[in-house]
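S.K.: Spelled out, the chains give:
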Amino acid sequence: MASIQNKKRHQTPRTGGRLPPGLGLLLPTLLPFGLLVMAVILPGFMFESDQTASTIGLGPAAWPEAILRAMAVFCVLWIARDVWVLGAAGRQPTLSFPVEDDHYHFGKAIVGLLLIIAYGWSLPLFGFAVTTTIFIGIWCLFGGLRNLMVVVPVAVIGTIALLWLFMGLALMPLPRGQGIFDNFSIWLLRATGIY
Amino acid sequence: MAALDLLGGGFLAAFQFWYFMTIVTGLLVGVVAGALPGISFVNAMAMALPFTYVMEPTQSMLFLGGIYVGGVFGGSISAILINVPGTPASLPATWDGYPMTKRGEAKRALTIAVTASAVGGLVSALVLTFLSAPFASFALKFSQPEFFAATLLGLVSVIAIAKDQPVITMVSLLLGIAVGTVGVDPLYGQARFSFGVPEMESGVRFVVVMIGLFAIGEVVDLLATDRDLRPKKTGGKAIGAGFRDILNVKGAIARGTGIGCLIGMIPGAGATPGAVIAYGIEKQVSKRGKEFGTGVEEGLAAPESAKNATTGAAMVPLLTLGIPGSAATAIMLAAMMLHGVSPGPLLFIMDPSMVYTIFAAMIIANVLMIFAGIGVAQLFSTLMRTPPAILAAFIIVLSVVGAFGVRNNIFDVYVCLAFGVLGWGMKRVGFPSAPLVLGVILGPLAERYFLTSMANAKQDWTVFFTRPISATILGLALLFILWSLVPSLRGALRRRH
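Chains A and B are the protein sequences, given in the same order.
Under my numbering, the first residue of the first sequence is numbered 1, with each subsequent residue one higher.
Under my numbering, the first residue of the second sequence is numbered 1001, with each subsequent residue one higher.
Just so you know, these hints were derived from the structure itself, not from any lab.
Computed from a prediction, not measured in an experiment: that's the story for all the values here.
Beta carbons are placed, not taken as given, at the ideal position from N, Cα and C, and that holds for glycine.
There could be a bad hint or two in this list.
Said to hold, decoys possible - From the structure, some residues in chain A lie toward chain B, with a derived Cβ separation under 7 Å:
| # | residue |
| --- | --- |
| 1 | TYR104 |
| 2 | LEU114 |
| 3 | GLY120 |
| 4 | PRO173 |
Stated by the list, open to error - Using 20 Å as the maximum straight-line C-alpha spacing, the simulated SDA-like pairs for lysine to any residue come out as follows:
| # | chain 1 | residue 1 | chain 2 | residue 2 |
| --- | --- | --- | --- | --- |
| 5 | B | LYS1427 | A | TYR104 |
| 6 | B | LYS1102 | B | MET1350 |
| 7 | B | LYS1427 | A | HIS103 |
As the list claims (entries may be wrong) - For each label pair, taking beta carbons as the anchor points, the in silico distance ranges come out as:
| # | chain 1 | residue 1 | chain 2 | residue 2 | range |
| --- | --- | --- | --- | --- | --- |
| 8 | A | PRO173 | B | TRP1461 | 42 to 48 Å |
| 9 | A | PRO173 | B | PHE1020 | 30 to 36 Å |
| 10 | A | TRP121 | B | LYS1458 | 46 to 52 Å |
Go ahead and model the full structure; you've got the sequences and the hints to work with.
M.R.: Right under this line is the structure:
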């Protein structure tokens, strides 16, 4: 499976959408270095500064340390392989950006990720009802749906359906928000018969 | 003969109107929950637990059993149709099922998957019925070293997933195990890698990691590519799987079923290692092993049959020993205890009618699953006709709710989003995420069994090799690694010459 994917990856010098080719080669090559650094320094941050690890038996640090050491060893092997292949003409590093069947819009993907992060971050502030309605609306518009007669009902009815399903039926305590958003959420939940 | 008589009585009870409707309802809830990305069948079973308060003990077990059987398969619907596994065990379905969908063979892939799952589940239910008692005496010999060896076998099986990149696969797996070490350790009670964040002390839940890695990365890619999710039409007619197609994969189904039944019976293993090991073995055995990952029917059928074959088998240790073989059976154990029922060898003596009604219900549920699976898959195909932007928005919301629902905690949503960004990045550079997920699921189990084994053996590591069952399983793990590496070593030698 992986060999087939690799063949596909290495067929053309294109590196995924509009990412500069240099960056497309550099990022996957830097990954094992990042992971190696992480595996080496993380054991030092295993416990809080006011804690000392138990010394009875193997102790709580033994398993994570063994895993991180093993990871460091495999990262070194990965780096060694990449250094060896990059020294020879016509060879490719172990990882590389895939060749897309469709055109890949990196900018759109980054904005999409930021939208999702903003959604998660604003949930406890504005509550599930408000945040989800706005998120679905914005996402649909960003995703190419321009018809507000579709977007608005989808966002509003969809959110109410999800509220009914999760807060009404499954009794899940989804965030209601803070301040006036909490009051609004309570009003909405009462109005829809959930509370 | 007595078992057959008891099973007959079980069927009579299970076909009573309310019991039968409970099985059907549970099955539908399970298939739908499993099919929805972000809502796993374990979540659905946990959410269904309060509803079982109003049921009698047998009925509650039929309801949860229905969700279990339906949910294990349901995860493959989203895996095959949109490349988002609804459950960890459905991960292998994305490797060969989704490429079939991309070729316009979604209906064929779903038919093969549901048939393989039903066969696996049915055989497993029969295993549950007739091998429960003999297994009880064998499994009593299992202790922590054996559990550790079995978990290790599940972990090393990932090398077979991407044997052409063993080093990167190992890095991904170890990264997952490292993530699994976050939080209070299982033996000493000390928090690790909490970085002063109280929520980190309770650890990182695998469901949250899985939702982030798979659902969010996939949805962002859906937005960034102009991909059309609608089932592709080839030649104006949807391609379904005929009887001959099923016959062609009978070997894969048989092997997957056998592996699933064996793995399912090992407490702590469950559907995910079962499916992954079945995929790995099928990749080695199949004549088209090198084509796996491009939409090969055997690569879909083997793990599908294996994961449903674990359902009945996982209930063997639950019912005979009171040891849950998986998260799902742990919820079933909780339901039994809520009703004052103690599973174990005595249950077979005290309440055989309940035990055999459960057995009969598992058989019925697996037969009904073919219809439920195809019916929900049809609905799912209709869902796929909706604009990708709407679909993606709801997948994200369901994913976030799914992550929140694990512990009703907003911190899990943040963890999910972090893994979402990580998963997207991993996907962009081709870093495998499946071994990482397996590491997060099986890592904590492996650590617990390892530490308790060592503590019990006074830190003597030879305990894993001096116990015959443990040594045999470890030997199997070693053989599995060597067997998986043979083709790549052979290829390297060929290149050298």
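S.K.: Checking each numbered hint in turn, tell me which of them this model violates, lowest number first.
M.R.: 2 and 6
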